[in-house]
Structure formats: structure tokens, C-alpha cells
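Chain residues, written in single-letter form:
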Amino acid sequence: MPAESGTLDIQALRAGYGPLEIIRSLDLKVEAGEFVALMGPNGAGKSTLLKSIFGMATVTDGRIGWEGQDLRGRKPGHILRAGIAYVPQGRCNFPQMSVDENLDMATYAAPKGVGKAERDYVFDLFPILRERRRMPAGYLSGGEQQMLEMGMAMLLRPRLLLIDEPSVGLSPQTIQKVFAEMIRINQAGCTILLVEQNTRKAMEVASRAAVLRLGQVIWTGPPSAISFAELGEIFMTGRLPGAPDETRGQP
Amino acid sequence: MLTDVAVNGITAGSVYALVAVGMTIIFGVLRAINFAHGEYYMLGTFGAWWAIETVELPYLVSIPAAVVIVGVIAFAIGVLVMRRLIDAPFQIGVVATLGVSLVLQNVVILVFGGSYKMFDGGWIEPVDIFGAGVSQQRIIIVIAALVIFGGLELMVRRTRFGKTMRAVAQNIEACKIMGVDVPRVVTGTFVLGCCLAALSGALTAPVTGSLYGGMGTAITVKTFAIIVMGGVGNVGGTLLAAWLLGLMESAVAGYLGLQFRDAVAFVALIAVLTVMPGGLFSRRERF
Amino acid sequence: MGSDMRLRIGGFAGFLALLLVAPAFLGEYQVHALIVSLTFLLPALGLNLILGYAGMLSFAQMAFFGIGAYVSALMAMRWGTPFWLNFLAAGVVAGVVALPLGIPALRLRKYSFVMCTLGFAVIAQTLAKNWVSVTRGDLGLSNVPRPMLGLWSGGIEIRGITSYYYLALGLSVIAVLAFLAIVSSPAGRYMIAIREDETLAASVGAPTWRYRMAAFVLSGVFAGCGGSFYVHYYTVISPTIFDPYYGNTLLVIVLGGGVGTLGGVVAGSFIFVALSEVLRVAPDIRMIAYGLLLIVVVFGCPEGLLPLLMRKLRRPTHAT
Ligand SMILES: Nc1ncnc2c1ncn2[C@@H]1O[C@H](COP(=O)(O)OP(=O)(O)OP(=O)(O)O)[C@@H](O)[C@H]1O
Ligand SMILES: [Mg+2]
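Chains as they are written, first to last, in the working numbering: chain B, 25 to 275; chain R, -17 to 269; chain W, 215 to 534.
Pulled out of the complex, with its shape left as it was, chain B reads as follows (with noise of 0.2 Å):
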């Protein structure tokens, strides 16, 4: 067990919508520490295969390994108490809540009095929040919330990160704070599942990159092993340039 601490092992997943499905049989392996970054083109799956990890999706066929567990059939709350912490696509806060009520309700589903020291943890990480602790989310600005739905993910100290496009609407300062603590997360030991359209970006600060493309995992590797151009091809026409037929890359 403790050899696999922190291991996400995806197998000939199938998840959707009800009768719909969307992620089709797919396979994704995320070693303890890694930081990976999946990308891939609009209506791909990424979110849905975020979802389908934390039991907010459909999941028909396949298994979610973590930890030597499966994870397929499990609800929310018991998914955060095994480790892994969820920040979605748009906003995830409470609007008329204070900061603080904010991150009271992060720790709903831990142990009671989980969340004292946790809290301090989260002020440094992101002390901006410290400042606001009294203030409605409402009134945050989009990066400060951003921050905050970080915080309350991280609150339950995680040892997986999913998270789904933290960059919308933030202007490229706010990206690069948020993109640097990401970093300090990951080398603090959270191994971290990022969905990222700002494909730069990602590529910069993730260990390895994935693509995902009509539910599929179509490449995957470091970084350094692909250009832009290359990228954006696979986007587009799903295989490598020069590739024969289906290309599966492997680091």
C-alpha cells in the first residue's frame, strides 16, 4: 500500500451522462508526485473524466485504481477522505458566505477537527485569503477565488489534486501566481491532475503532458518530447505528423 500511495491507475474507463457516454475506454496511468497536464480540444472529456474520478459522473465500465482501491461506484465524500481533492471547471464557492464559512465547509466531510491547522497551511499557501477571512466569497475577485476554491480543495491536505481549468478569466499575472502555487503544491508531494487550455502554460510547469481527444487518451509524454506544432496537430487530426495510423506514445 504504501508503495502505491499517491498512484492513480486509470483502466479501459467508460463514463458519461446517463445513457451518454463520453469518456470511451480509456486508459491513464498518474505515478505518486507526477504533474501531469491534460489537454486536448473543447467537448473532448476532459472534465467529464475529472468528474468520473470524483463520483460525479456515470461510470460504466472500467476501474479507477488509487491506492490499490477502486474508486468506480464511490461518492464524493468518500473520495475526499481517501485523499483526492477536486477544483472544478467555473466557480465553486459559497457567494454570501465569508472566506472562512468557505473553508468550514471544505472540511464537511473530514473528521471532526480536521481543518485547525489545515487553515494556517492554507493562509500561507495563498495569504491573500488571510486578509479576507471576514469578506463574502461573493466579493472576491475571480483570481482571489480561485484561490480560495485551491485553499478549500487543499484544506483536507490531498495527495491528489484534480483540477479543471484554473486560468479562465484570470489575467496572466494572476495565471502565473496560480501556475507557481500549483508548483509549490506538487513539490510539496500532491501529485496533481491539471486540465489546462492554456496549453503554454502547462507545458511548462507539468512533468507530463496528455491529450485527450472523442474520450480517449491518444498521447502522452514529457513535455520536452513534443513541439507546439506537433501538439496542435494531434488536437486536430488525433495522430502525430508523419505517424502512420493511431499513435500512442509512451514516455
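Hints in this document: simulated from the structure, not taken from any laboratory. Quantities reported herein were computed from a predicted structural model and do not represent experimental measurements. One should not assume that every hint holds.
What the hints assert, rightly or not - 25 Å max Cα-Cα, derived SDA-like pairs, lysine to any residue:
(1) Lys136/B to Val164/R
(2) Lys324/W to Leu226/R
(3) Lys99/B to Phe513/W
(4) Lys53/B to Asp85/B
Unchecked claim - Sample of chain R residues at the chain B side, in silico, Cβ under 7 Å:
(5) Asn153
(6) Ala156
(7) Gly161
For every residue, glycine included, the Cβ atom is placed at its ideal position computed from N, Cα and C.
Go by the hints and put chains R and W with the ligands onto chain B.
Just chains R and W with the ligands, lined up with the frame of chain B:
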């Protein structure tokens, strides 16, 4: 006359407030209009009446008995019906709760008969306040409303369940991600809201003096007017809007005639919404 | 799509043919039940317009229905005007009354609108009860003249149940055609666009509020006309017409049958009236059964009975 109008108005308003605040918190977590809400008020009255007539409990004991009975009924309906309304379109909630209302109302009529019944209980000795004779029961109703609103405000701000209720009202998707058991919160809120309506029914019965199976409908309809005027999801606004309506109704009944009383709520509602589309107290607050 | 259209037209034609010959095979009581269904069809079409096409749930339909009924009855009783004029006037007055209600109400959020329209029904009832010099209060109006089919005075008086039935059927066919014309007009398509995505429709320049208003007024016209037929059939009217029960029945017809579809609403009118007639055999539990049924139907097939049926019918043909 003026004192009478004021006393009657505040009493009626407090009764409405207790019913309406239940509806407003249920609306908050479920985004569904509860067309059966007045039936829980009716059931509260019937529960107390039944406890007094059949079990021969004293009135004081019949009140918690009524609340518990309604709580159990509400729990069953919460699990069977209300939970399914999470994420359901708006109209589904309207039709489902209309169905619940028909069932509750007509089961009561089937079991107890459709005729008016006399309610025998409560403390109706008058007390002298500013020269007007006010029955003790009315004073109790007003105090109960104040205490319960204070308690609710505290619960919603301070307790874990209260915070969770607000959280579900503000962002249900985020709640799911935090691992909140949304169906449980919905059922809990629903039971709480129904128990408040039942309490209101049991407390008012000595003042109205009679009860019948169809008495809930008029209350449901007035409650709608109150929660919209008060700004939906606004606990404090609900109390003020309820008092305002109670006072207006009692003034209209006193000076124009009783038959116009039941239309007051909606004339006021339409007038208020024409000028202030968000209601009288439209802070954007949910709870 | 083409076969779908043919299926629909065929379905309607077949159903209409069935209705045309129905009295030859049915007893007086069943014909009466059919007339009741057709009476509910008009306000139900109106509700379908405002709910199914403009996305606003209105409880004012029965108020418009009642207003139409009172207007038509009073005109016939006081001035002896012919049926066609009363019928049209009932629709026009109901539509005109909808206007000042719609001005504040349609700007509101969905649930506030629901409550405003519910309140309107309460106000209408209070008025009908208390404006005794005109409405005779709780007593209501009785001995309302039967419909006279003639240009001005005289003409044929509709008496027998079969003639009533064909009058109702004729009016219903006209109403259904009018409904079709409305929803397939450019305005109707805008309404659908607004229902699907209000922000988007507004951003492409559709004057959302004006179309909603049109839908609301037209829903009043349909209901008012329905009320006119109703009052000349039953020949009595009292403030109980504004009771929530009738409004709920309409809602059940439209939502149970299939909101936003024409066939669903037509089917809903017949199914639910038939159902409440069947439940009459057990008067004690009639309303309880009705309530339970509402709950079961709304969770069992939230999109309505007819769309469910259509899907079931279509699936096998798709597979082959
Ligand atoms: N709740 C839902 N119900 C039904 N279908 C959905 C739902 N959410 C997403 N979809 C569909 O699933 C498909 C994949 O959506 P998903 O959000 O996973 O894409 P994505 O890769 O995250 O795209 P983007 O880059 O635009 O965020 C899309 O076709 C979308 O329409
Ligand atoms: Mg996405």
C-alpha cells in the same frame, strides 16, 4: 379599534411568519415552491386537536405531540417525494407538491370527516395591554414567533447544519464536491420547515377555535405572497412581510369588511412587485 | 422528420374522425364527458402557450376562464347578444385583462410570476363574490341562455347534447388550428428560442418581454373563449370556478400530457377528464387517488405521457 387592529394584525402576522419561514428555507435548498405547505399547518392543528380529544392530553403537551406527528409525516414525504426534486425542473416540484397537498388534505377529510371541528384548549383569558383585552394565547404566539426567529437566525449562522443549509441554498454543485449529503440536508430542512408550520397550527388553534381539512389552502396561498414580498430566502424579511400582511389584513377586515381580507395579500403582492421586483427586503442573501 | 410529420397529421386526422363519429356509439353520459374534455382543452392550450412556449407557469388561466364565462353570460343575459359575439368578447376581455397583469408580472423571476398569477385568481374570486350587483355574489348566475347560432337575433338554439358536442368539437378544431398558426409563426419560433435560452435570445435582439406578453395575452384569449363555451353549456356560473382545483386540473392536463407539444395537451385533456370521471366511482378516495396519480405521473414520465408514448412507438422503427 386601532389597538384591536394592531393586536390582531401582529398575532395573525406571527402565525403567518412561522409558516412562511418554513417555506422560505425549503425553497432555499430545493428551489421548489411547496404547494402543500399549508397542509402541514393544518396537520399541526389536527394533531393537537386529536391529542386533546382522543388521547386526552392537556393542551400544553398536545403542542409538542402535534409537532412530532407532523415531523414524522414530513420525514416520510421528504424521503419519498421532496428528495426527488433536487435538480428537477421547476414545474415538477409544483405538480408533485400539489399532489402531496391533495393527498394530505383528503386523507384528513377521509379519516376525521369533512365538517368543522371545535378546538377546545389553550389560554384564552384576556390580559390588559394598553387598555385592550388581549388573550394570553395571542401573547404566546407573538413571543413564540420572536423566539423562534431568533433561534433560527442563530442556527443558520452558527451551527453546522445551519451553515450546510445555507451552502446548499447558495451552490448545490459545490456542496456535492465537498461531500455534503445533499438529500439528507434537503430532508432535514424540509422536516424543520414543516414542523414550524405545525407549531404555528397548534398555537393558533385556540384563537381560531375551529378546524377543518381544507384550512391549509388559504394559508399556502398567503404564504406565497409573504415569501415573495419578504425577498425569497430572507429569514428576517419574512417576519417583517408577515407582520405587514397581518396588519394590512386586519385593517381591511376591520374597516372595509371581512370578505375582502383574503385578497389583501395579493393586491399588496402585485403592488409591491410592480414597484420593487425583488421584494421589499431584497438583500441578495439566502438565509 | 418527414415520416414523423406524416405520423402526426395522420394521428390527428384519425383522432378527429374518431371524435366525429363518436356520438353514434356513445351514451349521453360519455358524450357529456367528451364535452367536458373539450371545454378544458381551450384553457389548456392557452396554458401550453405560456408555459410550454414562453416558459412561464401561470395559474391565471382559470381566472381568465372564469372572467370569460362571466362576460359571456352577462352579455347574453342582459343584452341578448348572439353566441359568436359573446364568445369573441369573452376572449377579448380576458386578453385585455391579462395585459395590466402581465406588465408587472412578466418582468419577475419565474416563481414570483407563479405566485402573482395565483394571486390574480384569488383576487378575481374575491371580486366575483363581492360585486353582488353584477355577479350576484356566491349565488352566481343561473339560467344563462343556451348558445344561439345566428347572425344577430334568432337563429338555431343549441339544445341537445349531441349538438353541444359538435359545437364544442368545431370550436376546438378552430382553437387547435389557431394554436398551430401561432406556434409556427415567426413569433412562435421566437418564443421557443426564448424558452430554450433567454439570454441568448435577448442577445440576438429578440424582444423577450414583448413575446412573453403576447403569449400571456393569447393564453388569456384561449381561456376566455373556453369560459364562454363552458357557461353556455352548463348555464350556471359561480365564484367556485376560481377554486384552485380547476387550475390544478389544467396544470395536470398540460404537464401530464406533454408540455410544449400540441398532441400531448389534446391527449391530456381526454385522458385526465376520463380519469377523474372513472375515479367518481369511489368518491371518498377520489381526490387521494388523483393526488397520488399526480405524483406518480410527474416522476414516472416528467416529459409527459404523449412524448413518452411517441418515443416508445418510434424506437422499434429506428432499430430496423
Ligand atoms: N452534465 C452533462 N450532461 C450531459 N452531457 C454533458 C454534461 N456535461 C458535459 N457533457 C457533454 O460531454 C462532452 C464532453 O464534455 P467535457 O466537459 O468533458 O469536455 P471538456 O473536454 O472539458 O471541454 P472544455 O475544454 O470545453 O471544457 C461534451 O459534448 C458535453 O456536451
Ligand atoms: Mg472542461
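Results for each hint:
Using a Cα cut-off of 25 Å, the hinted pair Lys136/B and Val164/R holds, with the two alpha carbons roughly 19 Å apart. Distance restraint check for Lys324/W and Leu226/R: the Cα-Cα separation of roughly 24 Å lies within the 25 Å cut-off, and the hinted pair is therefore satisfied. Pair hint Lys99/B plus Phe513/W holds up; C-alpha atoms about 24 Å apart against a cutoff of 25 Å. Using a Cα cut-off of 25 Å, the hinted pair Lys53/B and Asp85/B holds, with the two alpha carbons roughly 17 Å apart.
Interface hint status for Asn153/R: upheld, as the beta-carbon distance to the closest one in chain B is roughly 5 Å, under 7 Å. Annotation: interface hint on Ala156/R holds; nearest CB of chain B at approximately 5 Å, less than 7 Å. Hint status for Gly161/R relative to chain B: holds, with the closest Cβ pair at about 3 Å, below 7 Å.
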